[in-house]
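Novice: Chain by chain, the residues run as shown.
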Amino acid sequence: MNRNNGRKEAVDRLLRETLRDDLPVEVERRMKARFDRCRKEIEDEHPGKSASRTFRPNSIRLPVFRWLPQSGLAAAGIFLIILGGLLQEGGSSHVLAKNISRMRTWVLVKDQVALSESMTCRIERIQEGEKKAGYVIKWLPPDHTRIDLIDARGKTVRTIWMIQGDFTVIDHATGEVASAVDLERAAGPYLSAAAGFIHPARLAERLYEEWLETTREIRGECEQRTYRLHPPGKAEEAVEMTVNMCEWLPVSVSLAVPSDPSGAHRAAELLLRFEWNTPVSGEEMLPAVLHRRSNG
Amino acid sequence: MSKTDGMTKILGTALRIGALGLLIYAVIASGRFTDLIKGPGFGFVLLAGAALSLTGFSASEIVSAFKHAGGAPGRIADLETSRYFWEAAARNMYMFGILGTSISFIIGLGSSEGGLGGISLRMISALLSTLYGMILGVVCYVPAMKLSGRLDTAGGNAKSTESAPAFRPPDSRLRFENVLGYVLVLVILAWTMASSLPSISTDSPLQPVEVFLHWPSLLIVLGGTIVLLLFMGREAIGRSLTLSFAFTGLIGSIAGMIQTMLAFAGRSIEEVAASMVFLLSCCFLGLTGMMLLGAPLEDRALKYRSGPPRVVSTRVAWLLFPLLTLLFLLVTFVLVITPMKKVA
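Same order as they appear, the protein sequences are chains A and B. At position 89 of the first sequence the residue is numbered 89 (our numbering), and the sequence of numbers has no breaks. If you count the second sequence from 1, you need to add 1000 to reach our numbering.
Looking at chain A on its own, in the form it has when it is part of the complex (with noise of 0.2 Å):
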């Protein structure tokens, strides 16, 4: 036998007899006063109040949890929960949620566009619903740009070069080789309205504009969506661009170019067609004066 549990059996002995809850009748009876005295203090020293809400600390109950039973409030509670999530599951549409996502496709289309390796743009100019002369625009990193402007029946008829600022001009009608201060002037006022998407570098800065989503639509495996954009608080310069969601890059661009200053008359329209990280061969990117050049 272990004595130390036969001391601890002592101890118990004597605390349950000490301890024994037998209090003589009249020593309860003048402690029951005592603490209804004591009850009485405090409800009239703070009127309005019962005591068992007054000794409960830090208490101050809602009156909704009096009338509604509480399996009642578990089971809304429960049922509130789950409602919410069956919504959030099923993509519930909300207009912070459209301009987040309009955020992040400008986010995607700019990083896109910064990384591509090569661009090809192809500019149609449409006037009362027939094809006129365009232009084929070539870029390749850091700053090559050929462009050929092609007339109505599809004949290149003149070849610009920009290479770091410098024009190289050359009529293949003529084969007259020359040299220009301004794009206008080489290729035209039609060029110089689309001039702002012809460089990944101008088409990333025009993605900072404000943009509105009109219509969606799948195309082979891809959704295409095309936005209208337009400077801040410039409606009248809107142009509408269409971009492919599993590349993030812009398919196509469509603005109208007015035909009088004040921009009322459209003239017509210009549809730039995209084509992105296509092989651009570097020889025809030099004019082929400066290619025998470097060939020796």
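It is worth saying that the hints were derived from the structure and are not from the lab. Given the structure is predicted, the values throughout are model-derived calculations rather than measurements. All C-beta atoms in this analysis are idealised placements derived from N, C-alpha and C, irrespective of residue type, glycine included. Please note that the accuracy of each hint is not assured.
[Stated by the list, open to error] With a Cα cut of at most 30 Å, we get these calculated DSBU-like pairs of lysine-lysine:
hint	chain 1	residue 1	chain 2	residue 2
1	B	Lys1038	A	Lys234
2	B	Lys1038	A	Lys98
3	B	Lys1146	B	Lys1009
4	A	Lys234	A	Lys110
5	A	Lys110	A	Lys98
6	B	Lys1146	B	Lys1067
[Claimed, not checked] A few chain B residues facing chain A, derived, Cβ under 10 Å:
hint	residue
7	Ile1106
8	Val1277
9	Ser1281
10	Thr1332
11	Val1336
12	Thr1338
Starting from the known structure of chain A, fit chain B onto it as the hints suggest.
Specialist: Just chain B now, kept in the frame of chain A:
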């Protein structure tokens, strides 16, 4: 205190306030901090924080708190209440700073005015409200610290004329000033939300309800709060409400963050956007619930308690949940402007 001492004290306080005013004026006039000055944001934090203080305290308690902060004598119990008032005011300013950031952030995302640059600028300037909240919170916390020092001295000073703190039950009466506080807070919040949206969206005016009301998160935060309240019991309703809103807001926002990450991995723009909105909305609703429902009830329950150890759990909730909200806002901003890498 003699009349001369009183005059000297008033003069000293006036001089200090004047010096502080001059310093603030010099900072503003220098033009170096124009990027950090946003009048409406500061006004929102100050007014809403002050209005929320009205909801939990009586006018006489507020007047006493200002007097005690200025050094006026008082009973220990009253000094304790005044100290709690200043602590609550600091908390209100801090919370409204982050709530203001949250509102500005949501408004910033709610309109495409100014393009990507405009939205980014609005989202960054939204953080100014937090700065104001922190500054005002510190300003309000100084009297609380000062009163704590006085209480420590008074507790051990036998010469003190102040009597020992008596037991006082929680204040469950709703006074005129409390109702006025609730009304003012609601008006300031509604006005801020309603007035900010049309000013940034000229082409397609957005309705505050459609921007700030996100049903899934509202239902989850509300349902979660009800269930947690039932679990926590009906006793300390202020504390339970605070904790319930903090927990449901936190759980909702963490769920939203996980959903955002998963959507990011799946490269789905729509899912990324939907989960970000859920995350933002859970943070906003959790904060708003804590402040509008939890704070006033808790203040009325705790203001008469004596001694330094207050309820730790709610203090942690008051401090941490807004900080986490701020963190979630920053992460959301980074995620919005971070491109997803293409899978080869």
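Novice: Is Lys1146(B) close enough to Lys1067(B), meaning Cα to Cα at most 30 Å?
Specialist: holds (13 Å)
Novice: Take the shortest C-beta to C-beta distance between Ile1106(B) and chain A; is it under 10 Å?
Specialist: holds (7 Å)
Novice: For the pair we were handed, Lys110(A) and Lys98(A), check the Cα-Cα distance against 30 Å.
Specialist: Answer holds: Lys110(A) to Lys98(A) is near 18 Å, not above 30 Å.
Novice: With a cut-off of 30 Å on the C-alpha distance, tell me whether Lys234(A) and Lys110(A) pass.
Specialist: holds (21 Å)
Novice: Compare the distance between the alpha carbons of Lys1038(B) and Lys98(A) with 30 Å, and conclude whether the hinted pair is satisfied.
Specialist: At roughly 28 Å apart (the allowed maximum being 30 Å), Lys98(A) and Lys1038(B) satisfy the hint.
Novice: Under 10 Å, Cβ to Cβ, is where Val1277(B) needs to be relative to chain A, so tell me if that hint holds or is violated.
Specialist: Interface hint status for Val1277(B): holds (5 Å vs cutoff 10 Å).
Novice: Taking only the CA atoms, is the gap from Lys1038(B) to Lys234(A) under or equal to 30 Å?
Specialist: holds (27 Å)
Novice: Does the alpha-carbon distance linking Lys1146(B) and Lys1009(B) stay inside the 30 Å limit?
Specialist: holds (16 Å)
Novice: Does Thr1338(B) pass the interface check with chain A, least Cβ-Cβ distance below 10 Å?
Specialist: holds (7 Å)
Novice: Against chain A, with CB atoms and a cut of 10 Å, does the hint on Val1336(B) hold up?
Specialist: This interface hint holds because 6 Å falls under the 10 Å limit.
Novice: The hint names Ser1281(B) as touching chain A; please verify it with the least Cβ-Cβ distance against 10 Å.
Specialist: Hint on Ser1281(B): holds, closest Cβ of chain A at ~8 Å, below 10 Å.
Novice: Hey, does the Thr1332(B) contact hint survive, CB to chain A under 10 Å?
Specialist: Cβ of Thr1332(B) sits 9 Å from chain A, so the hint holds.
Comparing the model with each earlier hint shows no violations; every hint is respected.
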